[in-house]
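Novice: Chain order of the listed sequences is Y and Z. Numbering-wise (our numbering), the first sequence opens with residue 12 and increments by one. Numbering-wise (our numbering), the second sequence opens with residue 240 and increments by one.
No lab work stands behind these hints: they were computed from the structure. One should not assume that every hint holds.
[To be verified] List time: in silico DSBU-like cross-link candidates among lysine-lysine, alpha-carbon distance up to 30 Å: (1) 32(Y) <-> 283(Z); (2) 44(Y) <-> 283(Z); (3) 127(Y) <-> 438(Z); (4) 249(Y) <-> 300(Z); (5) 235(Y) <-> 249(Y); (6) 300(Z) <-> 283(Z); (7) 32(Y) <-> 235(Y); (8) 32(Y) <-> 260(Y); (9) 438(Z) <-> 147(Y); (10) 127(Y) <-> 260(Y); (11) 283(Z) <-> 343(Z); (12) 260(Y) <-> 249(Y); (13) 300(Z) <-> 147(Y); (14) 147(Y) <-> 127(Y).
[What the hints assert, rightly or not] Some residues of chain Z that are not near chain Y, with every Cβ distance over 12 Å (derived): (15) 274; (16) 334; (17) 339; (18) 382; (19) 601.
[What the hints assert, rightly or not] Facing chain Z, a subset of chain Y residues (Cβ under 8 Å, in silico): (20) 110; (21) 126; (22) 127; (23) 132; (24) 136; (25) 139; (26) 146; (27) 154; (28) 159; (29) 163; (30) 186; (31) 187; (32) 205; (33) 206; (34) 216; (35) 248.
In this text the structure is predicted, and so the values were computed from the model without any measurement. Positions of the beta carbon are idealized from the N, C-alpha and C atoms, including for glycine.
The residues making up each chain are set out below.
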Amino acid sequence: MAGEISDAIIRVRDITVQFGKTRVLDGLDLDVKRGEILGFVGPSGAGKSVLTRTIIGLVPKIAGRIEVFGVDLDAASAAERRGVERRWGILFQQGALFSSLTVRQNIQFPVREYLKVSQRLLDEIMVAKLGMVGLKPEVADRYPSELSGGMIKRVALARALALDPELVFLDEPTSGLDPIGAGDFDELVRTLQRTLGLTVFMVTHDLDSLYTACDRIAVLGNGKIIAAGSIADMQASKHPWLRQYFHGKRARAVMG
Amino acid sequence: MGIVSGDPTLERIARGNGLALCATGTWTARFAPLLERMVADAEKLGGKAPNIVIDASRVSKLDTFGAWLIERLRRSLTQGGVETEIAGLSANYSSLIDEVRRVKAEPVAETDRVTITGMLEQIGRSVAGVGGTLIGLIEMLGAVLAAAGHVLIRPRGFRLTSTIHHLEQVCWRAVPIVVLITFLIGCIISQQGIFHFRKFGADIFVVDMLGVLVLREIGVLLVAIMVAGRSGSAYTAELGSMKMREEIDALRTMGFDPIEVLILPRMLALVLALPILAFLGAMAALYGGGLVAWLYGGVDPEAFLLRLRDAISIDHFIVGLIKAPVMAAVIGIVACVEGLAVQGSAESLGQHTTSSVVKGIFFVIVMDGVFAIFFASIGM
Ligand SMILES: Nc1ncnc2c1ncn2[C@@H]1O[C@H](COP(=O)(O)OP(=O)(O)OP(=O)(O)O)[C@@H](O)[C@H]1O
Ligand SMILES: [Mg+2]
């Protein structure tokens, strides 16, 4: 891995995660710089979701150290942890919307918990967030079970962005979106990064997203980061999986 | 005039014949309550000046909340007939304002309100729903019987492994708790009986009471209620969460009948389990009762057994065992109907699990009453 990055917003050192006897992450190091969009790729089942969930603290690790916003999450007090949690937003791979709340209540839930603002502002912000993710206000009173797969993704993103976080974790945000929607999504992530200084940790299989949205790409394989760098670095890499990924039929189609 | 960080402010400065509103500081979600108040105050300025400039050049940080509130201010001033513009935004922040500018002003109103008529309507609907519930149960009974018939014709479709698995869950694993509870109930009945009968010198009649009560009524009823709470709820939750995750639809599209694959093994397991549990429960209750009668009432085991043989006939025992599978079927059918009625949300899963247990116990008690009348009229 490259040397220490001073303004890392996420600093992962030497983490190991194991389920039973299968080791999924094995001494992994990773830095995410403030204000960058990091695309995270790797074969299916390599452990991308597991790494994301480990950083967030949902999966226990057997070794290693994780710092987010400079706070060591293992040593942090409950109040410090809450402070960190308020500053990040998470889009789960399956959406993870609250099934017994409407879209409106889902998006307003974190805002209502953390800020004392009027119902009017809550509603307006909800409509604004829905608009940002490309949904009409009419869906506000539907329940998650009444949404399409792509709509679930968008609402989940709107909820992740509800508190205007500084850091968002996106687990395959564009899977299940139509290509135009996915393009708009990349655009949105870019706009948010520029305007809000958002840092994005994005797990994705979408080559378009890697090309258009990401500043840097990290590749996971065998429980470690096998490469990290710009898209040009990735294309130049000799690693067999990377060669296939970036020079395969689909990649050539994207690059035109 | 540089950029100011820290708490947000909104200063009013006269500028020519107009007015400038200078926003400074951090306009972000953290300060949203304060920002909302400031903007509400500023909205009242409409009509004080012919034109107003919202100067955002000294805002140190802006997010969607801040951007929206600035945009809201602009809109409400414009609506009040004041020429309003937003100035001094950096390129980044102005694209954020553009983003929120697309927001439609009137948010859709939340619809559900609690009203008297609404509550009355609810009551009416649930009363009318009782008929629907009964029809649903009969339909399920029919479907299960049809599936059973199908399996009888084509025995290879029978899911033995699944049935055994459910039998383990609802029968074998339930044995300890069922035996413990019925044992304790037997002890209590016996103790109370002796305590009160002793006043008449009729201690020994406690054996009659215990025998009839346990074998005929309490044994099977109590066990059925425990099974409704333990296994009925589990069935509903399992089927309900499978329904939620479209697993049942998947099964159907592969050409399997969910009744045959999921429900028949469960029903069968329950129908076999309840008589076994009721029998074990009755034995445990008699044992507990006998123990108390001996230790507390001084009725020694030999006298107890002798009396028991005189007091009860095989009829009592048969009555208990006939009831058990019927009650099991009722519990199973209620649980499966409720499980398949689960909608998409976690809340719905909870509601149907609750109502599975409540309805299961209710129907068990109703069935017990029906059986009491039936057996009385045929003289058993
Ligand atoms: N709770 C768990 N228990 C056991 N094994 C698990 C658990 N969660 C994940 N795994 C295993 O860890 C490995 C990595 O899973 P993960 O979900 O992180 O893959 P991924 O890289 O996100 O794949 P995809 O691109 O398909 O989403 C897989 O082999 C998976 O089976
Ligand atoms: Mg994944």
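Novice: Hinted pair, alpha-carbon criterion (30 Å max): residue 235(Y), residue 249(Y). Please report holds or violated.
Specialist: 17 Å, holds
Novice: Are residue 438(Z) and residue 147(Y) close enough, with their CA atoms no more than 30 Å apart?
Specialist: 79 Å, violated
Novice: Just to be careful: measuring from the Cβ of residue 205(Y) to every Cβ in chain Z, is the smallest value less than 8 Å?
Specialist: This hint holds: residue 205(Y) lies near chain Z, its Cβ roughly 5 Å from the closest one there, short of 8 Å.
Novice: Per the stated criterion, does the least C-beta distance between residue 334(Z) and chain Y lie above 12 Å, as a non-interface residue requires?
Specialist: 6 Å, violated
Novice: Check whether the Cα positions of residue 32(Y) and residue 260(Y) lie no farther apart than 30 Å.
Specialist: The given pair, whose Cα atoms are some 36 Å apart, is violated under the 30 Å limit.
Novice: Given the hinted pair residue 283(Z) and residue 343(Z), is their alpha-carbon gap at most 30 Å?
Specialist: 22 Å, holds
Novice: Could you check if residue 206(Y) really has its C-beta closer than 8 Å to a C-beta on chain Z?
Specialist: OK, holds: residue 206(Y) within 8 Å of chain Z, min 4 Å.
Novice: With 8 Å as the cut and Cβ atoms as the points, is residue 163(Y) at the interface with chain Z?
Specialist: It is violated, given that the least Cβ distance between residue 163(Y) and chain Z is near 11 Å, above 8 Å.
Novice: Going by Cβ atoms only, is residue 187(Y) closer than 8 Å to chain Z?
Specialist: 15 Å, violated
Novice: Report holds or violated for the interface hint on residue 127(Y), using the least CB-CB distance to chain Z and a cut-off of 8 Å.
Specialist: 5 Å, holds
Novice: Residue 601(Z) clear of chain Y by more than 12 Å, beta carbon to beta carbon?
Specialist: Given that every Cβ of chain Y is farther than 12 Å from that of residue 601(Z), nearest at about 26 Å, it holds.
Novice: Close enough to count: is the Cβ of residue 216(Y) nearer than 8 Å to one in chain Z?
Specialist: For residue 216(Y), the interface hint is violated, since the closest Cβ of chain Z sits about 23 Å away, which is over 8 Å.
Of the numbered hints given earlier, the model fails hints 1, 2, 3, 4, 8, 9, 10, 15, 16, 17, 26, 28, 29, 30, 31, 34, 35; all others are met.
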